[in-house]
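Trainee: Each chain, letter by letter, is given below.
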Amino acid sequence: MKKRNYYLTTISLIFLVIFLYFAHNYMDAYIVRILNLCAIYTILGLSMNLINGFTGLFSLGHAGFMAIGAYVTAILTLSVNSKIQNFFLEPIAAPLANVEWPFFPALLLAGVLSAIAGFLIGAPALRLKGDYLAIATLGFAEIIRVIFTNTQNITNGALGLKGIPAYTNLWWSFGIAAFTVLFMALLINSSYGRALKAIREDEIAAESMGINLFKHKVMSFTIGAFFAGIGGGLMANLLGTIDPAMFKFTLTFNILLIIVLGGMGSITGTVISAFIVTISQEALRFLDQPMDLGLFVIPGISGMRMVVFSVLLMIVVLFYRHGLMGTNEFSWDKFLNAISLKKPLSKGGKYNGNA
Amino acid sequence: MINMTWEMFLQHLANGISLGSLYALIAIGYTMVYGILRLINFAHGDIFMMATYFAFFGVFFGLPWYIAFPITIILTILLGMGVEIAAYRSLRDAPKISIMISAIGASFLIENLAIVIFGGRPKAFPTEELFTKVVYIGNISVQRLTFIIPIVTIILLVMLLYLINKTKTGMAMRAVSKDHETAKLMGVNIDRTISTTFGIGSALAAIGGIMWGLKFPQIQPLMGVMPGLKCFIAAVIGGIGNITGAVIGGFFLGVSEIMLVAIFQGLTGYRDAFAFIILILVLLFKPTGIMGEKISEKV
Amino acid sequence: MEMLRADNITMQFGGLTAVKDFNLVLNKGEIVALIGPNGAGKTTAFNMITGVYKPTKGKIYFKGKDITYLAPHRITKLGIARTFQNIRLFKDLSVLDNVLIANHLHIKSNLFEAVTRFPRYRIEEKEMIKKSLNLLEMVGLTNVENEKSSSLPYGMQRRLEIARALATNPEVLLLDEPAAGMNPKETEDLTKFIKQIRDDFDLTIFMIEHHMQVVMGISKRIYVLDYGVTIAHGNPNEIQNNQRVIEAYLGVENNA
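Protein chains in written order, with the UniProt record's numbering: chain H, 1 to 355; chain B, 1 to 299; chain E, 1 to 256.
One or more of the hints may lead you astray.
The following residues of chain H were derived to be distant from chain E, with all beta-carbon distances above 10 Å [what the hints assert, rightly or not]:
| no. | residue |
| --- | --- |
| 1 | Thr9 |
| 2 | Gln85 |
| 3 | Leu96 |
| 4 | Ile147 |
| 5 | Phe183 |
| 6 | Leu187 |
| 7 | Ala206 |
| 8 | Met209 |
| 9 | Gly210 |
| 10 | Met219 |
| 11 | Phe286 |
| 12 | Leu318 |
With a cut-off of at most 25 Å between alpha-carbon atoms, the simulated DSS-like pairs for lysine-lysine come out as follows [as the list claims (entries may be wrong)]:
| no. | chain 1 | residue 1 | chain 2 | residue 2 |
| --- | --- | --- | --- | --- |
| 13 | E | Lys91 | H | Lys215 |
| 14 | E | Lys28 | E | Lys65 |
| 15 | E | Lys54 | H | Lys129 |
| 16 | H | Lys215 | B | Lys96 |
| 17 | E | Lys28 | B | Lys96 |
| 18 | E | Lys108 | E | Lys28 |
| 19 | E | Lys108 | H | Lys215 |
| 20 | B | Lys286 | H | Lys129 |
| 21 | E | Lys54 | H | Lys215 |
| 22 | B | Lys286 | E | Lys54 |
| 23 | B | Lys168 | H | Lys129 |
| 24 | E | Lys54 | H | Lys334 |
| 25 | B | Lys96 | H | Lys248 |
| 26 | H | Lys129 | E | Lys91 |
| 27 | E | Lys126 | H | Lys2 |
| 28 | B | Lys123 | H | Lys129 |
| 29 | H | Lys129 | E | Lys77 |
| 30 | E | Lys126 | H | Lys3 |
| 31 | H | Lys215 | E | Lys77 |
| 32 | B | Lys178 | H | Lys215 |
The hints are simulated quantities; they were obtained by calculation from the structure and are not laboratory data. Computed from a predicted structure; not experimentally measured. Idealized CB from N, CA, C, for every residue including glycine.
Given the sequences, and given the hints that come with them, work out the whole structure.
Mentor: The following block contains the structure:
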């Protein structure tokens, strides 16, 4: 049984790689872009789920971490010439003017700086309970945005940055997404991951079992911020243009929707949901745009798409609180049972606890 | 203080106080709901925004202000109670994180519905000569509104404190905020009391919204977001759950925001970050705020 | 040898004094009970010892070391474990995970070693699982290790909580109403069980309990609280004949 699952996983991964190769070389740029976004939102969803779903902290600071990551990679990877073109109001601060880094180190530094910011905000804010933490982290994201709007000679202020090299491709985005999935799975199933889940379940009991709440919360928060920073970096080098207005609360809302829909506390749920939400974000774009039906034109209604997503979020949280997967994970056994029309193949043996 | 005359100082102070009064009115709604449900009503800022639109359309369709404004208040109350029923009531016993997510969903829904219905572009709020007329005191020129707003706020605060401390409804609200189960056993109708709380909070947000529209006569669907967050912060500064505290917090935030920008003009761009910095400082050094009580968890 | 000592610890909530000048001495290997009517402040005393509440006044010493203002997790690490009156298991997690979590405080591998499954971590993990399964077997929870902990029947949940507390390697164990909700047969088993773990794990036990059968059966000494004040202290015999205790507590209990 275990062997079969191992083979199935390997085969699926090989198919994924073949698919990516095909997509990378032959598919329409628009579709490739959406696939990239799916992978990036997977990374973002997982990083938020670590904090909110597995550790039970309610953090709304993701847009802030992403902004840090995006700006770091953007500034580091922009060519010297593009920098001169971008910063026409006020020249970029001297030490940054001549740097031009390759993608990977820039991305890594984006993650590290975002993690440091996570640590600095987490250390004081994580002493707070539930909703105070939510507001403090939300406030932190706003502060970051306000700062980035005002530091003209570093971030180019409200004008944003244009011409960021398009380094992000399917190999980068899916490669890092796969790494994130693996990392999270290993973390969650380790002793440290169990400690995080204990904090989610009952802080007082966890503390009484000797778990240092503060240390573990900061750890979870910092790791989450690291991956959010990387996600932001990938995003910047995919879109090519960033500005502070991109990193409003709406961005955090989208990631929140992904983890709520997928299941707070499920890695595979987050992956599935990241794809569903990202693709439907694109698919429903028509709602905001005018539609030409040949005989007549339906004017687009801006905001309609977000109405759909707000309603979706509320329906999930009101009626299907556990989302697609709850705290469960995808398994081949369950999957095969679900798709086989016959009776479940094996119901005997030990109760596996998370059915 | 650099380059500031007395007149300018007084002018800024008056502005700060009237902005602070508006913050205070909205902050009361947050603090009351938090006191009774232990929940940040994320949608409260959006309820405030809707109030300005109700008033806008009332006047737009030719109603005189003394009819349009009361209708606005009634519609806003219904909206606030509606949000409570739709987004919070069925989640009473759900994990807190679910309720907060529902609150965020409700907030986004209202904002985006407003964009869909009213359009994203700002609209000009009709000015009412009666309130906006500029009066001169010495060298200082101020709108009448600058005086009206704090006075209205104080009157409403006194009425509210009377309601909470001296009436049966108020007693029910205090009982529910202490302990839902016990209050229920004592015959308090929990759902109705919570509904009333939302209604009162929304009414104050409506009055705040109308006066906001008169003072800053440009309205748009996302205008509730920032004031909403700031007013929650005001409630935290004052001590969450405490109504007088929320008013003090509102005044404090309004005055210090205006003064900060007036004194350090280089910081104008950072104005919106200021409230959050204060919030983080308060939470770190005095999480119970100015007038709040400590709520400890039972083990 | 003196394991735990509390000197005049007092806990005030606002104007209310929940516990006043509580003094306690636990010697190695003793089973000591804390009794008193509901609301007498027993659990508050527990919460002060385990660091959940910081006493308004007084000092607590564990093996001579001042632990009064230490955080709960540090106190647990030093060797004081507890159970809760209103069972606080990690409900959504498996029975085994519940016990494994209580091993985490002694982990030597760092986060990096754990995530990369370094050899040192693998060895530690294996040992933790072995130890936890042993503990589960010892408290009679075999073959349920993969069940969700909240799906266990009440009595088993109580025993799981004890197993979880034991996994932290305590020297002093605080049990908050271990016999609550048990029938006479279960109560009798529990009495034996408490004695047995005391011997097997070399423990000193301090427990809050209402079942007089349990209290009188195994306690060496008993402290009696009423309205936060210690009204009596002595061996079971002395307590049973203490007029104040009878008035405050036993009289009511006997008639019930």
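Trainee: Are the hints correct? Go through all of them and say.
Mentor: Verification of the hints:
1. Thr9: The claim holds: threonine 9 of chain H sits with its nearest Cβ about 18 Å from chain E, beyond 10 Å.
2. Gln85: For glutamine 85 of chain H, whose nearest Cβ neighbour in chain E is about 42 Å away, the distance exceeds 10 Å, so it holds.
3. Leu96: At roughly 31 Å from the nearest Cβ of chain E, leucine 96 of chain H sits farther out than 10 Å, so the non-interface label holds.
4. Ile147: Isoleucine 147 of chain H clear of chain E: closest Cβ-Cβ about 30 Å, beyond 10 Å.
5. Phe183: Given that some Cβ of chain E is not farther than 10 Å from that of phenylalanine 183 of chain H, nearest at about 7 Å, it is violated.
6. Leu187: About 5 Å separates leucine 187 of chain H from the closest Cβ of chain E, which leaves it inside 10 Å; violated.
7. Ala206: Answer for alanine 206 of chain H: violated, closest chain E Cβ roughly 7 Å.
8. Met209: Non-interface label on methionine 209 of chain H violated, nearest chain E Cβ at 4 Å vs cutoff 10 Å.
9. Gly210: violated, 3 Å
10. Met219: violated, 7 Å
11. Phe286: holds, 40 Å
12. Leu318: About 21 Å separates leucine 318 of chain H from the closest Cβ of chain E, which puts it past 10 Å; holds.
13. E/Lys91 to H/Lys215: holds, 23 Å
14. E/Lys28 to E/Lys65: holds, 15 Å
15. E/Lys54 to H/Lys129: At roughly 18 Å apart (the allowed maximum being 25 Å), lysine 129 of chain H and lysine 54 of chain E satisfy the hint.
16. H/Lys215 to B/Lys96: holds, 23 Å
17. E/Lys28 to B/Lys96: violated, 43 Å
18. E/Lys108 to E/Lys28: Violated, at about 28 Å.
19. E/Lys108 to H/Lys215: holds, 15 Å
20. B/Lys286 to H/Lys129: holds, 14 Å
21. E/Lys54 to H/Lys215: Holds. Lysine 54 of chain E to lysine 215 of chain H sits at ~20 Å (cutoff 25 Å).
22. B/Lys286 to E/Lys54: Distance of about 18 Å is within 25 Å: holds.
23. B/Lys168 to H/Lys129: Violated - the C-alpha atoms of lysine 129 of chain H and lysine 168 of chain B are around 32 Å apart, more than 25 Å.
24. E/Lys54 to H/Lys334: violated, 49 Å
25. B/Lys96 to H/Lys248: holds, 24 Å
26. H/Lys129 to E/Lys91: holds, 20 Å
27. E/Lys126 to H/Lys2: holds, 20 Å
28. B/Lys123 to H/Lys129: Measuring from Cα to Cα gives roughly 39 Å; hence the hint is violated.
29. H/Lys129 to E/Lys77: holds, 24 Å
30. E/Lys126 to H/Lys3: Holds: lysine 126 of chain E and lysine 3 of chain H sit about 22 Å apart, inside 25 Å.
31. H/Lys215 to E/Lys77: holds, 15 Å
32. B/Lys178 to H/Lys215: violated, 33 Å
The earlier numbered hints that this structure contradicts are 5, 6, 7, 8, 9, 10, 17, 18, 23, 24, 28 and 32.
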